[in-house]
Amino acid sequence: MATAVARRSAARKELSADLKGMLFVSPWILGFVGFTVYPIAASLYYSFMRYDVIRKPAYIGLENYITLFTRDERFRVVMGNTLYIVIFGVPLGLVTAFLLAELLNQNMRFRPLFRTIFFIPSIVPVVASAMVWLWVYNTQHGVINSILIGMGMRAIPFLSSPVLAKPSLILIRCWAQGGAMVIFLAALQDVPRSLYDAALVDGAGALARFRHITIPMTTPAILFVLITDLIDAFQQFTFPYLLTGGGPVDSTEFYGIYLYHNAFQFFKMGYASAMAWILFIVIVVFTVLVFRTSARWVYYGGATE
Amino acid sequence: MMATEAARMRAQRGDRRGVLLRRAAGRVVLYLIVFVLGLIFLLPFLWMLSTSLKNDAQTYVVPPIWIPNPMRFSNYLEALTTYPFGLYATNTLKIAIPSVVGTVISCAVVAYGFSRFRWRLRDPLFYICLATMMIPYQVVMIPLFIIFRNLNWINKFWPLIVPAFFGSPYFIFLLRQFFMTIPQDLSDAAKIDGCNELRTMWSVILPLAKPALAVVALFTVMGAWNDFMGPLIYINDPKMFPIALGLQNMRQTFTSVKRTLVWPYLMAASSATIAPILVLFFFTQRTFIEGIAITGIKG
Numbered sequence: 001m002a003t004a005v006a007r008r009s010a011a012r013k014e015l016s017a018d019l020k021g022m023l024f025v026s027p028w029i030l031g032f033v034g035f036t037v038y039p040i041a042a043s044l045y046y047s048f049m050r051y052d053v054i055r056k057p058a059y060i061g062l063e064n065y066i067t068l069f070t071r072d073e074r075f076r077v078v079m080g081n082t083l084y085i086v087i088f089g090v091p092l093g094l095v096t097a098f099l100l101a102e103l104l105n106q107n108m109r110f111r112p113l114f115r116t117i118f119f120i121p122s123i124v125p126v127v128a129s130a131m132v133w134l135w136v137y138n139t140q141h142g143v144i145n146s147i148l149i150g151m152g153m154r155a156i157p158f159l160s161s162p163v164l165a166k167p168s169l170i171l172i173r174c175w176a177q178g179g180a181m182v183i184f185l186a187a188l189q190d191v192p193r194s195l196y197d198a199a200l201v202d203g204a205g206a207l208a209r210f211r212h213i214t215i216p217m218t219t220p221a222i223l224f225v226l227i228t229d230l231i232d233a234f235q236q237f238t239f240p241y242l243l244t245g246g247g248p249v250d251s252t253e254f255y256g257i258y259l260y261h262n263a264f265q266f267f268k269m270g271y272a273s274a275m276a277w278i279l280f281i282v283i284v285v286f287t288v289l290v291f292r293t294s295a296r297w298v299y300y301g302g303a304t305e
Numbered sequence: 001m002m003a004t005e006a007a008r009m010r011a012q013r014g015d016r017r018g019v020l021l022r023r024a025a026g027r028v029v030l031y032l033i034v035f036v037l038g039l040i041f042l043l044p045f046l047w048m049l050s051t052s053l054k055n056d057a058q059t060y061v062v063p064p065i066w067i068p069n070p071m072r073f074s075n076y077l078e079a080l081t082t083y084p085f086g087l088y089a090t091n092t093l094k095i096a097i098p099s100v101v102g103t104v105i106s107c108a109v110v111a112y113g114f115s116r117f118r119w120r121l122r123d124p125l126f127y128i129c130l131a132t133m134m135i136p137y138q139v140v141m142i143p144l145f146i147i148f149r150n151l152n153w154i155n156k157f158w159p160l161i162v163p164a165f166f167g168s169p170y171f172i173f174l175l176r177q178f179f180m181t182i183p184q185d186l187s188d189a190a191k192i193d194g195c196n197e198l199r200t201m202w203s204v205i206l207p208l209a210k211p212a213l214a215v216v217a218l219f220t221v222m223g224a225w226n227d228f229m230g231p232l233i234y235i236n237d238p239k240m241f242p243i244a245l246g247l248q249n250m251r252q253t254f255t256s257v258k259r260t261l262v263w264p265y266l267m268a269a270s271s272a273t274i275a276p277i278l279v280l281f282f283f284t285q286r287t288f289i290e291g292i293a294i295t296g297i298k299g
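Listed in order, the protein sequences are those of chains W and F. Taking our numbering, the leading residue of the first sequence gets 1, the next gets one more, and so forth. Taking our numbering, the leading residue of the second sequence gets 1, the next gets one more, and so forth.
One chain only, chain F, in its complex shape (with noise of 0.2 Å):
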């Protein structure tokens, strides 16, 4: 009796011993997992880097190296030198802040429609513009480019900012989700303290929901940053040109003509290009992720 009970506490702790080594042996290899996939998504960045701080010889040995030395600052300097990315970057943002007051003016009060108070066609009408999400654009891209060239808005601007201000299916949406998440009460008090809707969006509803307009603000001017067709198909002026058009530009007359350098003043045009998104999403990153988990779940 007495031995059969120590037997079977001698098993029990074998066992224990058994299943606290299988997890042990679990997290090493889940650790595994995550770290060599983490490096296989950071390594074109990382040789990105690597490139851009190589000279000629440095690029082009095989097998490849990592960390040159010695390191060539200066490619920075120089590539974004050579073509006018100050420039770029100023029509960038030429064409992102009108863009960004845009689209959170209007989709604010869009969706504050779509959401605060009830009125006939509310629902319907909501649908529709979701429904519009599904639309390609290919289909509105060229009868839109006759309007804009009728109107003589090649190489300007307007077409990439007006229709900002006319509300985007998007982010009407992740604000109305927003919106509906605040208690009616607070609306019912300042009706009663003698607000009409217009008061009580912009005193009640707006503040409370900045983190979600913060979302709109940030992802527009994201967009407007890394719009790419936008810019090709209205903007041929290499004067107007925004930072996608420009990089772009810079590598189709680098890898046509031959010249040294190519490759290491193109990787370090692109860190660049790169780098004041990543800082923006550094500091916004909370707000970010969630921004998209929103629509993502509740949709």
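Excised from the complex, chain W in its bound form (with noise of 0.2 Å):
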């Protein structure tokens, strides 16, 4: 008698601690809902329609798809810019910003001082930054050119060129790696100093202690990064959208801009929403096989995690 009224009174605590839980996080769980569950499900929806938001939306089954990838040539296009950036572009800018990061760990004056000269080209606005690159990139009278044609050298036409717009913006990137390197400084920080003392009496170089200590003992922030980078990467829209608005020659054309184009130029909702999806899914792919190697690579310390 006595456990039966014991049980139910820790049941119903345990109720209403629920309740009380769902209380809490009902604004997450409303947003969830409303901004993201049903808009996810909308665009799914919205790919099997022929859509332009004024007429009715039309069922096209998997026509959309079909598009995209059987006669849609400058969707090729657009992944083959988008791959690029991911392949080259990711790696690039996470390499600075470790070696930024390894740089700024070294004992050194004006630490703080060089730190924030790193730091601030990831928090100026982008719609700044993209104005000063345009000037400093600007073919005729940028700094860089004026001062070639200045030793009688030819411009460099980093934005108006198919070949060069693409590292252009690699370039940029690697600019504004402020936050992935304040995040792999903080990691570098917090290696312990007993690691290398114990491989310095061991003999281990520089080069050594960098590959055996310092890369193994940051690798779950990289891990981090890397991800991060990745799904940043997939949709990167603002720098290109400002600097070449995809030209030239669909050179910089990338999977961000051309969904914003057929959604909000050429009113293709449908269509951008089946890119969308495709999106989604190779992003998820990704993480996921980012994630699956990662237990080969990424070491935490020696705590099961």
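The hints are simulated quantities; they were obtained by calculation from the structure and are not laboratory data. All C-beta atoms, glycine included, are put in the ideal place defined by N, C-alpha and C. Some hints could be false.
As the list claims (entries may be wrong) - Lysine to aspartate or glutamate pairs mimicking EDC-like chemistry, simulated, CA-CA at most 20 Å apart:
{"id": "1", "chain 1": "F", "residue 1": "Lys210", "chain 2": "F", "residue 2": "Asp185"}
{"id": "2", "chain 1": "W", "residue 1": "Lys20", "chain 2": "F", "residue 2": "Asp237"}
{"id": "3", "chain 1": "F", "residue 1": "Lys94", "chain 2": "F", "residue 2": "Asp237"}
{"id": "4", "chain 1": "W", "residue 1": "Lys268", "chain 2": "W", "residue 2": "Asp72"}
{"id": "5", "chain 1": "W", "residue 1": "Lys13", "chain 2": "F", "residue 2": "Asp188"}
{"id": "6", "chain 1": "W", "residue 1": "Lys20", "chain 2": "F", "residue 2": "Glu197"}
{"id": "7", "chain 1": "W", "residue 1": "Lys268", "chain 2": "W", "residue 2": "Glu73"}
{"id": "8", "chain 1": "F", "residue 1": "Lys191", "chain 2": "W", "residue 2": "Asp72"}
{"id": "9", "chain 1": "W", "residue 1": "Lys166", "chain 2": "W", "residue 2": "Asp232"}
{"id": "10", "chain 1": "W", "residue 1": "Lys13", "chain 2": "F", "residue 2": "Glu197"}
{"id": "11", "chain 1": "F", "residue 1": "Lys156", "chain 2": "F", "residue 2": "Asp237"}
{"id": "12", "chain 1": "F", "residue 1": "Lys191", "chain 2": "W", "residue 2": "Glu14"}
{"id": "13", "chain 1": "W", "residue 1": "Lys268", "chain 2": "W", "residue 2": "Asp52"}
{"id": "14", "chain 1": "W", "residue 1": "Lys20", "chain 2": "F", "residue 2": "Asp123"}
{"id": "15", "chain 1": "W", "residue 1": "Lys13", "chain 2": "F", "residue 2": "Asp123"}
Unchecked claim - Chain W is faced by these chain F residues, among others (derived, beta-carbon under 7 Å):
{"id": "16", "residue": "Val34"}
{"id": "17", "residue": "Phe41"}
{"id": "18", "residue": "Trp119"}
{"id": "19", "residue": "Leu247"}
With the hints in hand, could you dock these two chains into one complex?
In structure tokens, the structure reads:
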């Protein structure tokens, strides 16, 4: 009798805790349903429709997907451009951030000053830094080219050459790596000094210490940055939109830009939704793949995570 | 015997001098690298400032000059009044302030629910919340646009403000990480004093979490100031432009019409757009950098 009462009151307490918990997180749950679950489902629905916002959506089955994969030449170019950034831009940005962090981790004077300098590009409003880069890269009067021209050399068409436009954007990406740099710096400062001392006693050189201590000990941070950068690179929009608008000759028409153009310029909402869903799946697959391999290269300091 | 001892000592001294010399050389190289890199990273900004003070002749001279003489400070006043930058800044604040209020309140409450007491669905729901960070904005962008359009919210600030009141996974995560580090004893003591959860949150946890809340507020303000894509989709009335769209609009209308002082004006306007963010950053630098580091390490 007594135990039954106790059990019932324990169950009631648990229920009230559940209720309390749900109440606290209810803003997020409402947002999750309204701004995530419903829109995802709706965009799947629209992806089977022809929809120009004005007329009612018309069901066309897999037509959008079939067109994307078989008839849309531009879509193939866009995929290629995006993969270019993912394959070259992401690793280059990551390496830049890591080397900057390693540099700042050295014992030196004015470290806070230099940290600030390397960090600033990542917090400046993108529209403003895009404007500045547009001017830096300017073919006739930009700072680099007017120096080159002054020395009697040929100007570099940073943004107006289909070959150079993507590398020029990657350069900006490397310049604005402050966030990743700060994460790496924090991770580097967490590496126990004793490991380096022990390695020094064993006669390990600087390169060996970097390879066998620094890198393994910071792999969790590398994984974090890699994944967030990957997701970000697949969606990148603002810089190319402002700097090149997708040109020249579609060489910087990235996934995010083509999708935006389809949705808000051509008003092909159904088509753009199909693109969004493909992107979604590609991102999930990439993330899962990276996580899968991470067990092999990420080191969690002996903790069983 | 003595001779070899002396030779060894001499060799050792030489060795030490070699080590010191090599170390000094290493320092010089290190400073050189950092200094040059620092200069390269600053170069776009220096070029911006330099151009913002030039006249047309100075702007287009080859090779470029870095310190114009005379300096044309009036570029700033002229650039910021040719286009209504005061209005753009006001519009931005009209988006930023409610967003900060909404984000801080909603994220704090949700993060509290995800960290300070146990309940059955807590952890699964939290992982779902984390997983949503992976969802590309493009997947929700079109249906959200259609919803807000049906609500007649195009050319209104609502689409940029309202979602802030429903928590953002990144900030929920950041605050939860912080709340977890506050000892449970404090909550227990408050309970014994008769506080319920809401009261415990308000008078015990939140005061302790001020630095983390500051990070959230700071990131939200900066996010609103920097946001381009949101306003691009929802706002096309120039009277409603926030600063990012205003600047872009200035560039489009400027470079398409032949006129004088195009780049000096654009660079002056860009500097003015960057300045508030830099001021904010310099005053809050430590909070800021710690905030980013929290998410990276403990994630």
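Going down the list of hints, with the structure as the test:
no.: 1; hint: F:Lys210 / F:Asp185; verdict: 19 Å, holds
no.: 2; hint: W:Lys20 / F:Asp237; verdict: 44 Å, violated
no.: 3; hint: F:Lys94 / F:Asp237; verdict: 15 Å, holds
no.: 4; hint: W:Lys268 / W:Asp72; verdict: 14 Å, holds
no.: 5; hint: W:Lys13 / F:Asp188; verdict: 16 Å, holds
no.: 6; hint: W:Lys20 / F:Glu197; verdict: 9 Å, holds
no.: 7; hint: W:Lys268 / W:Glu73; verdict: 17 Å, holds
no.: 8; hint: F:Lys191 / W:Asp72; verdict: 63 Å, violated
no.: 9; hint: W:Lys166 / W:Asp232; verdict: 16 Å, holds
no.: 10; hint: W:Lys13 / F:Glu197; verdict: 14 Å, holds
no.: 11; hint: F:Lys156 / F:Asp237; verdict: 9 Å, holds
no.: 12; hint: F:Lys191 / W:Glu14; verdict: 17 Å, holds
no.: 13; hint: W:Lys268 / W:Asp52; verdict: 5 Å, holds
no.: 14; hint: W:Lys20 / F:Asp123; verdict: 14 Å, holds
no.: 15; hint: W:Lys13 / F:Asp123; verdict: 19 Å, holds
no.: 16; hint: Val34; verdict: 5 Å, holds
no.: 17; hint: Phe41; verdict: 6 Å, holds
no.: 18; hint: Trp119; verdict: 3 Å, holds
no.: 19; hint: Leu247; verdict: 5 Å, holds
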